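Q: Sequence:
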Amino acid sequence: MPAPGFQLASDDCHVWTLPLEQPPKVLEQLRCSLSQEEIRRADRYRFAQQRRQFILTRGALRGLLGCYLDMAPEHCRITLSESGKPELAATPFEHRPDVSRSRDRSLMHPDDVSADVAHASDQTKGQPMEHTVRFNVAHAGDQALIAIARDVQVGVDIELLRPLDERQALVDMILSPTEKERWQLLSEEMRIRAFYVLWTRKEAVAKAIGQGLLMELNTLGVSFEPGLPATLLEIPEMYGRPQDWTLVALDAAAEYAAALAAPARGIRVVQKTWHPQGVPLH
1 MPAPGFQLAS DDCHVWTLPL EQPPKVLEQL RCSLSQEEIR RADRYRFAQQ RRQFILTRGA
61 LRGLLGCYLD MAPEHCRITL SESGKPELAA TPFEHRPDVS RSRDRSLMHP DDVSADVAHA
121 SDQTKGQPME HTVRFNVAHA GDQALIAIAR DVQVGVDIEL LRPLDERQAL VDMILSPTEK
181 ERWQLLSEEM RIRAFYVLWT RKEAVAKAIG QGLLMELNTL GVSFEPGLPA TLLEIPEMYG
241 RPQDWTLVAL DAAAEYAAAL AAPARGIRVV QKTWHPQGVP LH
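Start counting the sequence shown at 1; every next residue gets the next number (the UniProt record's numbering).
Worth flagging that the hints you see were computed from the coordinates, not collected in a lab. Just so you know, nobody snuck in bad clues.
Derived EDC-like pairs (lysine to aspartate or glutamate); straight-line CA-CA distance at most 16 Å:
| no. | residue 1 | residue 2 |
| --- | --- | --- |
| 1 | Lys-272 | Asp-12 |
| 2 | Lys-180 | Glu-234 |
| 3 | Lys-272 | Asp-251 |
| 4 | Lys-180 | Glu-225 |
Note that the coordinates shown come from a computational prediction; the quantities given were computed from them, not determined experimentally.
Work the whole structure out from these sequences, hints included.
A: The structure is reproduced here in structure tokens:
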């Protein structure tokens, strides 16, 4: 049974903030929980910052999943289904497996992943799954977010606010014509935050659907004006009705915008801060 603080009801979602500045000792401990293929992927990053970022986010994800699933982090084998969706393999692997035999394809999308995670202990006993744990990861600047929920898809996004001087193409790609008209009514200073609010809310919805950057974000409509609650206003009919979604503006440092989305009503979101002392590292 998961420890207190790592138990999820079917309408719960825990969002963990992971500071990406961690001591070398923590980085090494998290590296020990990675699979051989993940270690090779980390080593292939050209820049040390990208390498650290991957090790920290994937290692922290494994540690958290281990807590929620009541299993060792290194046994959380993250693979891709035939449709390309990340998931926990039905049978946990032995630590540092023979990758040529396991055919672990988990690293195709290492930095922004969404997944269905089967409760491995149920599957290995040959019993039907009692539930599934699903997760999504995003990072920007020196912050990462790891969202973990039960029985519902989740999408999370975070962006570091930057000037929009060279982002007109993104504005045209993300905002619908109606949103663009409303957005242009804001002051120049307010437009910057409003743009990233729009972007993160739409990206969170797209990731919950499983499309991510493949989705045309200007087909979605979300609230973004200051003082209004996060609300999904428009979505293609195939993805359900807007009122059947949960969209939440997440608390983040002043220089960030962040959001979480789930295709279900009334999801309870609890934000937590990741500390290496509070989560088994390996």
